[in-house]
Structure formats: structure tokens, C-alpha cells
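S.K.: Chain residues, written in single-letter form:
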Amino acid sequence: MVRAVPTWLRAASVVFLILTALILLAPLVVVAGASFSASQFVQFPPDGLSLEWYRKVLSSPEYLSAGWTSLKIALLVTVSATLTGGAAAIAIHRRQLPGSQVLSAVFLSPLVLPTIIYAIGMLMLWSSLFGPVNFLTLWLGHTVVAIPYVIRTTLAVLSESDPFLEEAARTMGARRLQRLWLVVVPQCTPGLAAGAFFAFNVSFDEAVLSLFLRKPGLTTLPVQIYGQLEFSPDPSVAAVSTIMIAITVILIFGIDRLLGIRNFAET
Amino acid sequence: MSDRTENLLLILPGLLLLALAFFLPIFQMLALSVAGPDGPTLAHFARFLGDPYYLGILWRTVRLSLIITAICAIIGFPLAYIMARVGPRLRLWLIVIVILPLMTSVVVRTFGWMVLLSRSGLVPELLRDLGLVRRNFSLMQTETAIIIGMVQVLLPFMALSILGVITRIDPRLEEAARTMGCSFLQTLRTVILPLALPGIVAGSLLAFTLSASSFVTPSLLGGSRIEVLAASIYSSVTQTLDWPFAAAQAVILFVGVILVLIPYMKVTGRSHG
Amino acid sequence: MKSAFKTTILGVSAIALTAGAALAQDKTLTINSFGGAYEEAHKKCIITPFEQETGAKVQIVTAYSADAFAQLRAQKDAPQFDVIHFSGGQEIVGAAEGLLAPIDAAKLSNAGDLYDFAKANLAKGEGPAYSIAAIGLVYNSEKSPKAPTSWKDLLDPAIGEHLVLTDISNGYGMLGFLMLNQVQGGDLANIQPGLDTVKKLIDAGAVVVSKSPEIQQEFAQNDAWVAPYASDYAYTLRKAGLPAKFVQGSEGTPASYITASLVANRPNTDLALKFIDMSISPAAQTCFADALRYTPTNSKAELSPEVAADVAYGEDSVKGLIRFDPKVIEANRAAWVEAWKKTIAQ
Chain C
0 MVRAVPTWLR AASVVFLILT ALILLAPLVV VAGASFSASQ FVQFPPDGLS
50 LEWYRKVLSS PEYLSAGWTS LKIALLVTVS ATLTGGAAAI AIHRRQLPGS
100 QVLSAVFLSP LVLPTIIYAI GMLMLWSSLF GPVNFLTLWL GHTVVAIPYV
150 IRTTLAVLSE SDPFLEEAAR TMGARRLQRL WLVVVPQCTP GLAAGAFFAF
200 NVSFDEAVLS LFLRKPGLTT LPVQIYGQLE FSPDPSVAAV STIMIAITVI
250 LIFGIDRLLG IRNFAET
Chain Z
0 MSDRTENLLL ILPGLLLLAL AFFLPIFQML ALSVAGPDGP TLAHFARFLG
50 DPYYLGILWR TVRLSLIITA ICAIIGFPLA YIMARVGPRL RLWLIVIVIL
100 PLMTSVVVRT FGWMVLLSRS GLVPELLRDL GLVRRNFSLM QTETAIIIGM
150 VQVLLPFMAL SILGVITRID PRLEEAARTM GCSFLQTLRT VILPLALPGI
200 VAGSLLAFTL SASSFVTPSL LGGSRIEVLA ASIYSSVTQT LDWPFAAAQA
250 VILFVGVILV LIPYMKVTGR SHG
Chain H
0 MKSAFKTTIL GVSAIALTAG AALAQDKTLT INSFGGAYEE AHKKCIITPF
50 EQETGAKVQI VTAYSADAFA QLRAQKDAPQ FDVIHFSGGQ EIVGAAEGLL
100 APIDAAKLSN AGDLYDFAKA NLAKGEGPAY SIAAIGLVYN SEKSPKAPTS
150 WKDLLDPAIG EHLVLTDISN GYGMLGFLML NQVQGGDLAN IQPGLDTVKK
200 LIDAGAVVVS KSPEIQQEFA QNDAWVAPYA SDYAYTLRKA GLPAKFVQGS
250 EGTPASYITA SLVANRPNTD LALKFIDMSI SPAAQTCFAD ALRYTPTNSK
300 AELSPEVAAD VAYGEDSVKG LIRFDPKVIE ANRAAWVEAW KKTIAQ
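Residue numbers (numbering that gives the first Met the number 0), protein chains in the order written: chain C, 0 to 266; chain Z, 0 to 272; chain H, 0 to 345.
This is chain C alone, in the form it adopts within the complex:
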């Protein structure tokens, strides 16, 4: 006889969800609200109503080119970090290499140090070896920072997977690449997907490395926003963020329509 989930618990979870949503969304609502403000500064509730800041952002070559740069880097980082990180996670998970604990700690370490230390170190090393920094420097740097996320998510999913599947495939005569591609990779797909998603975001939102590794023409969106806030914090930064929020919402619903996030989450 299965006892039903108590009503008070259902009520409590509704309250819980509402509170959580409030915490997660409150600053975004403020930012979105402030982006329509007619006043010169970020203010909530907004003062007056105006689309002035959207016009300013969309007609600003600085914002547009920074957005494009950020997008390019984030896409490249998603690919490079997911491939290298995913492969490494699979190897670590099998525990056949010596010191797999140490290895996973090694791959986690870029998270532990404040990025500014890494940024300065990278800038010093690159300048002394190769001269001026370029797009590749930033790509490498972002990939390093994003790899731990892929490793973490993939390992977490793998640790719940069935270790005997691969063994079974082996006994049944599957070749090495087949086992890897047909058995192991599908097993860690949710982890890889989550890792790829994190990697994209980490890169898209990374400000410190981008700040120190920049050169003319290589300004990412967060650096552009940071600079704008530093000198003249008008609501244009709020407008940029609101545009990003809107794009995200559209993307998520689009992915859901096409592929179905629910299926994907149940894989």
C-alpha cells in the first residue's frame, strides 16, 4: 500500500519553488526593468518608459562587435572544452590510470585559483614566448577555465552509470572504438551536454581573462559591459543584458520544440 505524498508537503514545495524563483530572478527583473528606464542611471522601479537604451546598444558598433567576438569564442570553447574534458573524464572514470584521484584534482585546479592570477601568468608567459596576445590565447585560456566544468558533470553522470555495459560490449566482441562511441559516449551524454552548456556560459561570461588578454579588436561582451559600468553606468548595460535574456528564452524554447529538452533530460 503506497501512502500518498502529504498535502502539506505539496503546498510546501509550491512555496519553495516560488521563493527559489524569486531569488533566482529578482536581479534579472531589476535589470530588465531598468533597461526601459528613461533616466540616465540604472534604477528600479524604472523612471519613465523609453526604448532609447535599446536603440543605443543596437546601433553601437562596440557592443555588436563585442557580442560577436564573445559568441565566436564561446562556441569554440564549447567544442574544445567538451572534447578534451569529456575524453579525460572517461579515462579518469575507468580508474585504470595510476592516481585517478590526483588526476581529477589536477583537472579541477583551474577553478581554485582566482582567474586574475592565471590571467597575469598567461599574459607574462605568452608575451615572453610568442609576443602579442591574440585570439588563440584567449581561446586557450577560456578552454582551460571551462574544462573543469565538463570533467565534473561528466564524472558525476558516469559514476551512476552501469560499469558492466562496457564489459558486456567487450565480451560480445565490440571493437574499441565501437565500445567507446556506441556504449560509453551515450552513457555520458547528459554529462557532456551539461558540461558543454556550462563551458559555453563560462566562456561567454568570463571577464577577467578577457580583460587582461585583450588587444584592439578583441573585446568580449563582458569586458565591454564592465568598461561601460566603470565609466558611465547608464541603462545600456541593462538593455544588453535584457537582450541576452530574451535570446536565451527563445533558444531554450526553440531547442525544446526541435529536440525536446524533456527527452534530453531523461536520456
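Some hints here could point you the wrong way.
[Claimed, not checked] Listed below are the simulated DSS-like cross-link pairs for lysine-lysine, each with C-alpha atoms no more than 25 angstroms apart in a straight line:
no.: 1; chain 1: H; residue 1: K151; chain 2: H; residue 2: K273
no.: 2; chain 1: H; residue 1: K26; chain 2: H; residue 2: K273
no.: 3; chain 1: H; residue 1: K340; chain 2: H; residue 2: K326
no.: 4; chain 1: H; residue 1: K26; chain 2: H; residue 2: K43
no.: 5; chain 1: H; residue 1: K43; chain 2: C; residue 2: K55
no.: 6; chain 1: H; residue 1: K326; chain 2: H; residue 2: K341
no.: 7; chain 1: C; residue 1: K55; chain 2: C; residue 2: K71
no.: 8; chain 1: H; residue 1: K341; chain 2: C; residue 2: K55
no.: 9; chain 1: C; residue 1: K55; chain 2: H; residue 2: K42
No lab work stands behind these hints: they were computed from the structure.
With the hints as your guide, set chains Z and H onto chain C.
M.R.: Positioned in the frame of chain C, the structure of chains Z and H alone reads:
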């Protein structure tokens, strides 16, 4: 090809990348921490460890990170569970709510909190109207502000880490437990929680390390009167231009985080199997 | 699935290649500017006229003094800037570390018209000051019960929690603090009176911020009345629609110099010098004062009465500016910042 070769081939690209593009520059930078005018010195470490002010910063960093991680886990686990078990339509909305904060720049999100928490912001005003606080009450430049801001930044990481694991738990396990007479909460505690542990551990490691090394949110919400280690490092690098001391602080942060993480990984590793 | 994957890889590498292709232009200068309204004025007053006159291309990296200096130092072996602008005295450290190149005053046609203090250490590598921000009292003319006139007015208990102080990690904050220290009987050898005063002010409710946007936030939303800060920022606030006014404290006005320095080990020295020369020309400085209310350092710069009222203008007025010895500040910065942090820590 042996298993060993296959594993080596898999791990090699990542390992090489980290060795050349991370450890090399980092070691070059951290080597500065023992650099003195006349050869190697531990003076920068002695300066930090011998000064109650800096020890206070270290303690605050560790303490706040632990609190932030705990809150994220406490909210994140039920959130992920609910996300995994509700109908597809509601789940989609929940995923949107969790993912949205990730897609906005941390700087901008923090700015949103600054507007909300400052003296004339909505939150203190509400508390004031309810008669709970004094007239000039402000949440800005308090540790509470840092915690609120960081939880908002890190909760999505935690929830998604746990969600990835919970969706893979066979729902029949839960049914079995319920059929055998477990109440819902008992099932949650004895079946789901242990199985979700790898996700919680992964999420906590992420949340703890990220909050210990983050700089933007704590320095904007806490202000210069409540300094955390990453902000202190930042100021040594860009303001006082004392790079050796910055490197020493980074080493101390690194060691401090590792010291907290190792026992944590051991304990959870053991309880899990 | 496989082919989709391949296409992704191809597309991705194509992006990488096009992005990697560097700009290769003969006459290109790389400089830093401070972003926002400053950068707009910089373009209008110096960069665009310079490009038109020389046919060269100027590439701007938006970087504040502190960040720009950190980048310059880390890139010692391969600097990317030709001309670098600082507002916090970083040129002194940069020159001492050999990151900046000495400038021959004879190569700058406008150098002769500069006030002496603006070109004192050209030969050491400290570039000329091309504008000055005056540090005084920024106040809210609508809410503040009375207009402050002297630095001592900051101690008025009536101001209390409506006072905004700036962290001394900020260049303007440092100068405001040193002035407060001096008014309270301290000097560059002894900042204790200043620290004690700050402690008292904080206990009375003063807010400490570390970045200029926070000052705007305080004035716009949090009922701030007075902040010791720079004249140009009062103007920025006013342009944003806030009732902010600037007044020079009766005890004196500390000056913050904005300098343009020549970076060492770069190929385009002559072009870079031409750029620096343009920065110190009367036309450029007049334009900067019009746009942002900075005090010119060129004695030939002519300002309209309206602009002149907002800045220190003319030889006598400029002489009245206080310049705390930047060498002493640099030598003590680390220790002072630490003492300050300990004072304000909660």
C-alpha cells in the same frame, strides 16, 4: 592497443593543454611568491600569516564559502528533485528559470542586487515598512548581501549538477521503496539522497571553489570594508602592484581550499562506497 | 550525426582562421582610453583629428589605469601599447621599471607652452600631463541642507550617513584622503590623523565605495549629500540629470594628473610622439575641458567663461592646486592601502 594506451590517448589532450596553458603560466606566477630582492624568501607568507587582519580575510573567505555552499545544496537538492519529477511543461519552465541567471553577466546581475539591496532599494524598504528594521537600514556592504548574491550565482550550478544525476535514477527504485511501506520523506532520505550524492558532491565542490575564488560579486556587494581573499589578491595585482604578495595570497587560498576539500572528498567518498 | 559533427568542426575552424588573421597596417598606433564618455571625448578631441592629420590608424583598448598598467607590466617582453594613459600616478612606477621610454622635449612642439609641473620628468620616461582633475567636494545641491565650502565641513555631524568616502585604492580617493589628512594636521610622513578621522566618519555612518559608478548610485538612489571627489565626475553626474555641484575646498584643491606616456620597445616612436604632442595641444585641451571639465595643462588653452567656472583655469589658479608628491605616494601606496583597509574593516 591496450586499455592503458586507450586511456592515455583519451586523457592526453586535456593533460597537455592544462600542463602547457595552465600549470606553466601559473607556476611562473606563483614562483613570484617566494621571490625576494636577495633570493628566495618566505617573507610574503610570513607577512600574511603573521597578521590577524589577513588571517581574518582568509577565515571570512572560507566561512562564507562554506555557508554559501551549504545553502546552495539545501535549496539545490529539493529543487533538482522537483525538476526531475514534475510534468514536462513545468519542468521546462523550471529549467528556464534556472538557466536564465547563467546567461546574464555576473557583473550585471550583481548590479541588479545593488539596486535591490541598497538603502532605498526594494528589499530594505519592504523590511522597513514591515517595521522590522531601522530607518537607515541597508543590506549593501554586509556579509548577508554577499551570501544572497553568491547563492543566486551558484545555485544554478548546484541544481543542474544534481539534476544530471537524479534524472538517471531509476524511478522503479522509488516505487519499490514506496510499495514496501516507506513514506515519501523516508524514500527521499534512504533512496534518492544517497543515489544523488555524487551530484551533490560535484555541485558542492564547484560551489565551494567558485565562491572561494570569486571576486566580482563579493567586492561589489560586500564593499571594500568586507574584503575576501580574491578581492585582496586583485587589489595587490592592480592597485598596490605588489605581485609577489598577490602570488603568496593565491598560494594560501589554493592550499586553504585544498585543505577543506580533501577531507570532504574522503568523507563523501567513503559513505558512497 | 557524424556529418553534422564534421560540419560543426569545419565551421568552427573557419571562424578561428578568419578571427586569427591579424590586422596588418603600416601606420597603426595602439593606445588605451578609459571608456564611456571619456573615450568619446578622447576620440573627438585627439584621436580623430590625429588620424585625419597623419593618415594613421589608432586602435583603442578600453582599459583603466590600474588594469592597463598590470597589462603593460605583464607584457614587458612584447608590449602592445604605443601610447599609454594613466590617471593614478602609474607612470612613475612604469618609468622606474623601464616600461616607459624617455621623451625628448624638443620633439614635442607644444611642450614649451605646458606649465612646468606637467613636463617635469619627461627625460625619465614619465609622459606629460595633458589634463588635470581637481579634487574637491561634490554635493547634492537640492538635498544637502547647506553647501559645503571647506574640507572641514565633511566632519559636520549633520552630514553623518549622507557622506560618501572613496576607497584609497581609487586614485581620486587617495588624494581626497591625503587632503583630509592634511586638514586634520597630518602630512605625507604621518597619515594617522587622516585614518583616525575616517574611522570617526565611518562610525558616524559614512559609506565607503570603491568605484565611481557606486558614487552615482549613492547620489541617485541612496540620499548621499556630499562626497570628496573630482570635478569631472560632478559634471558627469549633472549630465545624468542629478543636482550635483562641485566646489573647491577652501583649504586647497589636490590635483590628479592624467598623463600620456611613450611605451618602451615599440617601433612607431615618431608617430607615438606626434600623438602625445597632439594631446598637449591647446585645441585638444580646450576640447577636453569643454566636454568633460578637465583643467588644461597648456597655458595657451582658451576656455569659455562657462567652462572656466567649473575648472581651475589660468596660471594663478593652477598654481593653487596642490600636488602631493607622487613619488612619496608611490613609495607608500602599499603600506597606506593596507593601513586604510585595516581602519575601515568591519
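S.K.: Taking the hints in turn, state whether each one holds.
M.R.: Structure-based check of each hint:
1. H:K151 - H:K273: Violated, at about 44 angstroms.
2. H:K26 - H:K273: holds, 12 angstroms
3. H:K340 - H:K326: Distance ~21 angstroms between K340 (chain H) and K326 (chain H) Cα, so the pair holds.
4. H:K26 - H:K43: holds, 20 angstroms
5. H:K43 - C:K55: Holds - the C-alpha atoms of K55 (chain C) and K43 (chain H) are around 18 angstroms apart, at most 25 angstroms.
6. H:K326 - H:K341: holds, 23 angstroms
7. C:K55 - C:K71: holds, 23 angstroms
8. H:K341 - C:K55: Judged against 25 angstroms, a Cα distance of about 43 angstroms means the pair is violated.
9. C:K55 - H:K42: This hinted pair holds, its Cα atoms lying about 18 angstroms apart.
Checked against the numbered hints listed earlier, the structure breaks hints 1, 8; every other hint is satisfied.
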